[in-house]
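*Asks:* Sequence:
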Amino acid sequence: MKNRWGISKNVFVLGLVSFFNDVASEMIYPIVPIFLTSVLGAPVAIVGLIEGIAESTASILKVISGYLSDKWLKRKSFVTVGYSVSAFS
Numbered sequence: 001m002k003n004r005w006g007i008s009k010n011v012f013v014l015g016l017v018s019f020f021n022d023v024a025s026e027m028i029y030p031i032v033p034i035f036l037t038s039v040l041g042a043p044v045a046i047v048g049l050i051e052g053i054a055e056s057t058a059s060i061l062k063v064i065s066g067y068l069s070d071k072w073l074k075r076k077s078f079v080t081v082g083y084s085v086s087a088f089s
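Residues in the sequence shown are numbered consecutively from 1, following my numbering.
No lab work stands behind these hints: they were computed from the structure. Heads up, a few of these hints could be off.
Unchecked claim - DSS-like, lysine-lysine: derived pairs with alpha carbons at most 25 Å apart:
{"no.": "1", "residue 1": "K74", "residue 2": "K9"}
{"no.": "2", "residue 1": "K76", "residue 2": "K62"}
{"no.": "3", "residue 1": "K9", "residue 2": "K76"}
{"no.": "4", "residue 1": "K62", "residue 2": "K74"}
Keep in mind it's a predicted model, so treat the numbers as computed, not measured.
Build the full structure now, drawing on both the sequences and the hints.
*Replies:* In structure tokens form, the structure reads like this:
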């Protein structure tokens, strides 16, 4: 069933969830380095290392989950688990 914009309800809801998830995370990311250096006194190199490890982990998990999603054909389960983990973290 398509709405007046020509997309299904599931795609619309998934878009909203993705939008709000991105907005929430983008509000936190600029504050983390400031918190680590100012409050915790972490060196800038450590902040870079933490960011690098986080991005590397995210990239590796995207490749693995994409492969498994294609292999098992359980895309809805992967999307649900992915956004749930993101919401709880």
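*Asks:* The structure should be examined with respect to each hint, and the outcome stated for every one.
*Replies:* Hint-by-hint comparison with the structure:
For the hint pairing K74 with K9, the CA-to-CA distance comes to about 19 Å; that is within 25 Å, so the pair holds. At roughly 15 Å between alpha-carbon atoms, K76 and K62 fall within 25 Å of each other, so this suggested pair holds. Simply put, K9 and K76 have alpha-carbon atoms about 14 Å apart, close enough for the 25 Å limit, and the pair holds. Distance check on the hinted pair: K62 and K74 sit about 15 Å apart at the alpha-carbon level, within 25 Å; holds.
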